[in-house]
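Visitor: So the protein sequences, as listed, match chains A and B. So the first sequence is numbered by UniProt numbering: it starts at 1 and just counts up by one. So the second sequence is numbered by UniProt numbering: it starts at 1 and just counts up by one.
No false leads were mixed into what you were given.
Between beta-carbon pairs, the in silico distance windows are:
#, chain 1, residue 1, chain 2, residue 2, range
1, B, P376, A, Q100, 43 to 49 Å
2, A, L404, B, G325, 43 to 49 Å
3, A, S342, B, R339, 52 to 58 Å
4, B, H90, A, A519, 28 to 34 Å
5, A, G68, B, H195, 41 to 47 Å
6, A, Q100, B, E110, 22 to 28 Å
7, A, A113, B, Q114, 50 to 56 Å
8, B, G412, A, A81, 26 to 32 Å
9, B, R339, A, S257, 53 to 59 Å
10, B, R396, A, S257, 57 to 63 Å
Which chain B residues face chain A? A few, computed with CB under 10 Å, are given here:
#, residue
11, S16
12, L36
13, T40
14, L131
15, T355
16, I360
Because the hints were derived from the structure by calculation, they are not lab data. Cβ coordinates follow ideal geometry from the N, Cα and C atoms, glycine included.
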Amino acid sequence: MRLAYWMYEGTAHHGVGRVMNSMRNTHAVFHAPQGDGYVNTIFTMLERTPGFPAMTTSVVSGTDLARGTLRLPETLRQVEATRHPDLIVVVASCSTILLQENLEIAAHQSGLACEVMVYDANPYRMQETAAAEGLFTALVKKYATPQPLTSLPSVNILGPSSLGFHARHDLISLRRILKTLGVAVNVVAPWGASVDDLRRLPAAWLTIAPYRELGRLAAEHLEAQFGTAALYDAPIGVQPTLRWLDALLETLNTVGSRLAVPPSPLKLPPLTEFSLDGMSAPSNVPWFARTADMESFTGKKAFVFGDATHTVGVTKFLADELGMPIAGAGTYLVKEADWVRSQLQGYVSDADFLATDEFQQVADRIGQLRPELVCGTQMERHTGRRYDLNVMVISSPTHIENHLLAYRPFLGFDGADVIADEVSTTCTLGMEKHLIDMFGDAGLELVEPAAAESAEPVLASNGNAAVAPVAVVAELVKPTNGHAPEEQSSNGNGSALPTGAAPSGQTAAVPAVNPVWTADGEAMLKKIPFFVRGRARGNIEKYAREHGIATITAEVLLAAKEHLGA
Amino acid sequence: MPPKAQFTREDGIYHSFCGLVSVGWLYQKIKDSFFLILGTHTCAHLLQNTMGVMIFARPRFAISLLEEADLSSAQPAIADQIAEITREHHPSVIFLLSSCTPEVMKVEFEGLAQSVSTPEVPVLFVPASGLDFTFSQSEDSVLQALIPFCPQAPPDDKRVVFLGSVNDAIADDFLFEASRLGIPVAGFLPANHFHELPPIGPGTIIAPLQPFLAKVANQLTNDRGATVMSSLFPFGPDGCRAFWEDLAAHFDLKVDLSEREAASWARIKEHTDLLKGKKVFLSADTLLELPLARFIRAAGAEVLECSTPYINRRFHARELALLDGVRLVEQANFERQLRSIAEEQPDLVISNIITANPLIGHGVVAKWGTEFIFSPIHGWAGVNTLVGLFTRALRRHARLDPLGSDPVWMAGVMPGAPEIIPLTRG
Numbered sequence: 001m002r003l004a005y006w007m008y009e010g011t012a013h014h015g016v017g018r019v020m021n022s023m024r025n026t027h028a029v030f031h032a033p034q035g036d037g038y039v040n041t042i043f044t045m046l047e048r049t050p051g052f053p054a055m056t057t058s059v060v061s062g063t064d065l066a067r068g069t070l071r072l073p074e075t076l077r078q079v080e081a082t083r084h085p086d087l088i089v090v091v092a093s094c095s096t097i098l099l100q101e102n103l104e105i106a107a108h109q110s111g112l113a114c115e116v117m118v119y120d121a122n123p124y125r126m127q128e129t130a131a132a133e134g135l136f137t138a139l140v141k142k143y144a145t146p147q148p149l150t151s152l153p154s155v156n157i158l159g160p161s162s163l164g165f166h167a168r169h170d171l172i173s174l175r176r177i178l179k180t181l182g183v184a185v186n187v188v189a190p191w192g193a194s195v196d197d198l199r200r201l202p203a204a205w206l207t208i209a210p211y212r213e214l215g216r217l218a219a220e221h222l223e224a225q226f227g228t229a230a231l232y233d234a235p236i237g238v239q240p241t242l243r244w245l246d247a248l249l250e251t252l253n254t255v256g257s258r259l260a261v262p263p264s265p266l267k268l269p270p271l272t273e274f275s276l277d278g279m280s281a282p283s284n285v286p287w288f289a290r291t292a293d294m295e296s297f298t299g300k301k302a303f304v305f306g307d308a309t310h311t312v313g314v315t316k317f318l319a320d321e322l323g324m325p326i327a328g329a330g331t332y333l334v335k336e337a338d339w340v341r342s343q344l345q346g347y348v349s350d351a352d353f354l355a356t357d358e359f360q361q362v363a364d365r366i367g368q369l370r371p372e373l374v375c376g377t378q379m380e381r382h383t384g385r386r387y388d389l390n391v392m393v394i395s396s397p398t399h400i401e402n403h404l405l406a407y408r409p410f411l412g413f414d415g416a417d418v419i420a421d422e423v424s425t426t427c428t429l430g431m432e433k434h435l436i437d438m439f440g441d442a443g444l445e446l447v448e449p450a451a452a453e454s455a456e457p458v459l460a461s462n463g464n465a466a467v468a469p470v471a472v473v474a475e476l477v478k479p480t481n482g483h484a485p486e487e488q489s490s491n492g493n494g495s496a497l498p499t500g501a502a503p504s505g506q507t508a509a510v511p512a513v514n515p516v517w518t519a520d521g522e523a524m525l526k527k528i529p530f531f532v533r534g535r536a537r538g539n540i541e542k543y544a545r546e547h548g549i550a551t552i553t554a555e556v557l558l559a560a561k562e563h564l565g566a
Numbered sequence: 001m002p003p004k005a006q007f008t009r010e011d012g013i014y015h016s017f018c019g020l021v022s023v024g025w026l027y028q029k030i031k032d033s034f035f036l037i038l039g040t041h042t043c044a045h046l047l048q049n050t051m052g053v054m055i056f057a058r059p060r061f062a063i064s065l066l067e068e069a070d071l072s073s074a075q076p077a078i079a080d081q082i083a084e085i086t087r088e089h090h091p092s093v094i095f096l097l098s099s100c101t102p103e104v105m106k107v108e109f110e111g112l113a114q115s116v117s118t119p120e121v122p123v124l125f126v127p128a129s130g131l132d133f134t135f136s137q138s139e140d141s142v143l144q145a146l147i148p149f150c151p152q153a154p155p156d157d158k159r160v161v162f163l164g165s166v167n168d169a170i171a172d173d174f175l176f177e178a179s180r181l182g183i184p185v186a187g188f189l190p191a192n193h194f195h196e197l198p199p200i201g202p203g204t205i206i207a208p209l210q211p212f213l214a215k216v217a218n219q220l221t222n223d224r225g226a227t228v229m230s231s232l233f234p235f236g237p238d239g240c241r242a243f244w245e246d247l248a249a250h251f252d253l254k255v256d257l258s259e260r261e262a263a264s265w266a267r268i269k270e271h272t273d274l275l276k277g278k279k280v281f282l283s284a285d286t287l288l289e290l291p292l293a294r295f296i297r298a299a300g301a302e303v304l305e306c307s308t309p310y311i312n313r314r315f316h317a318r319e320l321a322l323l324d325g326v327r328l329v330e331q332a333n334f335e336r337q338l339r340s341i342a343e344e345q346p347d348l349v350i351s352n353i354i355t356a357n358p359l360i361g362h363g364v365v366a367k368w369g370t371e372f373i374f375s376p377i378h379g380w381a382g383v384n385t386l387v388g389l390f391t392r393a394l395r396r397h398a399r400l401d402p403l404g405s406d407p408v409w410m411a412g413v414m415p416g417a418p419e420i421i422p423l424t425r426g
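Construct the complete structure from the given sequences, taking the supplied hints into account.
Guide: Okay, structure coming up:
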């Protein structure tokens with residue numbers, strides 16, 4: 001048992017709900033206590049669903065348990081009567097699974113005309129991603145039917161789903177590209193697909209499965225069972241999109257050449273045809289990366305953390321297309337860690353790679369690195385606020401602020417522009433930064449009280465306490481006593497909460513106390529631009545500890561600045 | 001005998017949160033507390049998603065996470081976690097909340113709490129699981145756990161204790177009003193700090209501020225011999241007048257607040273003019289629904305239906321009496337409610353947070369009931385906020401271009417439901 005606060009992944013029943021809510025005429029029934037229906041809120045609030053999410057809780061109450069009442073058959077009948085689904089998927093919750101009831105029998109007893117599937121998702125063994133991928137794969141296996149290929153080139157797009165990260169936008173981007181190529185879309189699933197659509201999957205020439213998390217196993221099944229070619233790469237960034245286009249066309253032309261009546265081969269049209277007006281650059285990233293303004297990005301380090309697909313795609317994009325150094329990367333999908341690590345060979349060393357689903361370990365790593373840019377999830381925004389760092393969200397889990405109205409894909413040429421815009425607006429600006437560095441506050445200093453307030457837990461009590469030094473301490477501890485990161489985290493896990501109190505378990509292991517700032521030291525620190533001041537404070541304190549300095553005076557600060565080359 | 005109110009109970013297939021959600025306001029109200037939930041990934045995911053708005057606050061709650069290996073042990077070991085919480089948060093009291101999984105495992109919570117409780121930092125068991133508790137109901141459990149720590153008041157200590165968590169501004173308002181009327185106040189349960197709990201004894205008058213605290217009120221009568229005032233809850237001009245007049249009567253003070261009530265109604269006339277004759281349907285889960293329906297009815301609206309998770313005949317007696325003739329439903333069946341809404345075409349639905357957007361998508365003007373829980377709607381000072389919550393959605397929708405009601409503007413938003421059909425008759 002451990003103390004926990006933030007969770008990267010949702011629960012298994014949330015994963016089931018995501019697949020069912022993506023599809024047409026399907027419905028999830030949760031055999032669960034009433035509160036477990038909270039997952040509905042995530043759909044109606046984050047996705048602003050104008051319809052009722054395709055999920056119903058069949059309530060299990062304490063009284064029901066005492067009396068042996070099972071409401072499931074009645075709920076199933078009600079769902080069939082009101083929603084007329086083709087398929088109902090029943091799933092137990094973390095509490096009801098312990099009752100070891102036979103839900104298959106209960107489902108059969110309800111005497112429904114529609115299909116009912118009891119999906120065995122043990123919430124103690126699988127979470128959101130595994131449950132969604134497992135269910136979707138099972139459905140594709142169940143329904144996909146042998147049939148002839150379409151006469152003209154066509155593809156399936158597997159993976160876009162309800163509450164998938166920018167999924168709707170990615171789908172638009174992919175559809176735009178395919179339209180430009182003259183390739184028809186056979187089936188998109190689970191997004192908007194009916195059970196009948198799943199039956200039609202094998203008619204496509206090729207399956208596009210850009211997400212490592214959802215759709216990949218179904219594409220593998222189609223490949224193995226029906227010989228449907230598959231393209232598993234995620235076209236994130238301009239170069240990957242170009243390579244992806246080549247692979248797509250080559251495979252489609254190969255499939256076409258085997259047909260009895262081969263259609264004329266597909267060709268890559270002029271790249272300008274992929275732009276919105278059909279006459280411009282399909283992406284502005286290659287030119288943007290070469291502009292003088294991007295000079296100020298030289299040497300700016302980024303840390304990337306998220307699911308598998310976006311961690312790999314965004315890390316490579318930052319390194320290859322914007323030229324940013326990568327301070328580290330990682331994923332909370334621990335089961336995908338090997339894949340992510342292998343994909344990032346040459347970008348991130350094993351030492352700089354992090355695979356954990358414990359929020360605090362990620363926060364600690366970010367605290368140690370203090371990168372100029374953090375690409376993460378909603379949780380890393382939380383961490384960035386504590387350390388006063390620039391954070392952009394590149395992966396689920398998200399906040400309502402990440403569910404914007406405008407077209408903001410991550411895939412394709414359009415996606416490259418979106419990511420690059422997000423990077424440049426998240427990081428401090430170029431020439432303006434020099435002005436501020438040279439001449440002080442540029443009138444921006446007034447903003448500081450608000451910024452200082454938000455970072456209050458970090459900078460509390462003259463920067464002496466709190467989380468920032470803890471992270472540094474953790475780093476100092478590591479080489480000397482050889483603690484594994486896991487041990488440190490279970491030890492100091494409570495500081496996942498921005499407590500402002502130093503976890504005593506760790507500080508005890510460090511001889512040096514946190515240095516104290518003198519008035520002239522603080523005054524000197526004030527002259528450092530406010531938006532880097534938090535990071536500067538951390539670095540200077542780290543320097544002081546490493547040099548056994550207990551009091552930070554103006555002199556120490558200048559020495560530290562010189563030492564750090566800042 | 002309380003009057004026999006007419007209400008129906010349906011099958012409880014409805015959308016709601018479990019009692020853990022109460023932590024969202026209670027950890028902020030009791031400033032030296034810590035809330036530890038013995039639960040699973042589900043509980044953590046729930047809190048994260050329902051309290052996500054507060055992420056930059058300094059939370060004093062956490063989940064003691066039950067994982068697969070913990071399911072086989074008879075009694076979970078939480079001593080280390082309690083020590084960690086004590087060390088890092090220095091709480092004066094730790095509430096140990098149950099959840100569904102340990103309830104099913106039959107964890108003996110009372111014993112577990114006692115085993116880690118110390119005189120310095122008591123650990124108090126709070127039943128809150130979704131198997132038995134809805135939304136705000138677990139505040140009732142938290143307050144019951146606090147009773148033993150309220151000092152015993154002598155029999156001749158005749159003062160009022162306000163029951164229910166309200167913010168400081170509302171508390172000040174109630175203190176001010178009581179002193180104006182000459183009513184002596186012993187304090188609030190809960191207080192802002194664990195060691196500020198009010199003395200309670202046979203002379204204490206308990207004045208409930210929230211309608212979801214029936215059990216703690218009852219227990220204060222049983223344990224301490226306190227008198228629980230039966231009145232309206234202090235929402236709206238009508239509720240406030242009854243509340244203060246009844247409370248004054250307990251102190252043998254004859255008070256006539258008819259002018260005060262009239263002035264209060266007059267101040268919100270702009271709102272009540274808008275509400276007059278409007279058909280309102282309450283289908284929410286906060287347990288505030290009965291007094292809200294009573295108020296909106298007094299304000300001139302027609303209440304088509306009022307459903308709420310639980311109705312307590314005795315604790316809600318006065319509210320029920322004023323809702324005579326209104327269709328009252330306990331544990332409503334939401335699918336049946338959708339048919340009723342389609343049939344009766346309400347002008348405004350007070351819904352829960354889960355169903356608000358879909359209702360709006362189906363052409364209904366809906367308002368989150370949840371917002372009433374998080375807004376200062378108590379007392380005379382809260383009247384404007386209270387009525388404004390009802391009229392805001394009506395006004396906003398009235399201002400929007402009707403062009404936006406065309407289903408085309410929702411096309412593609414929801415993958416599984418490309419077309420949303422408005423809820424219409426027949």
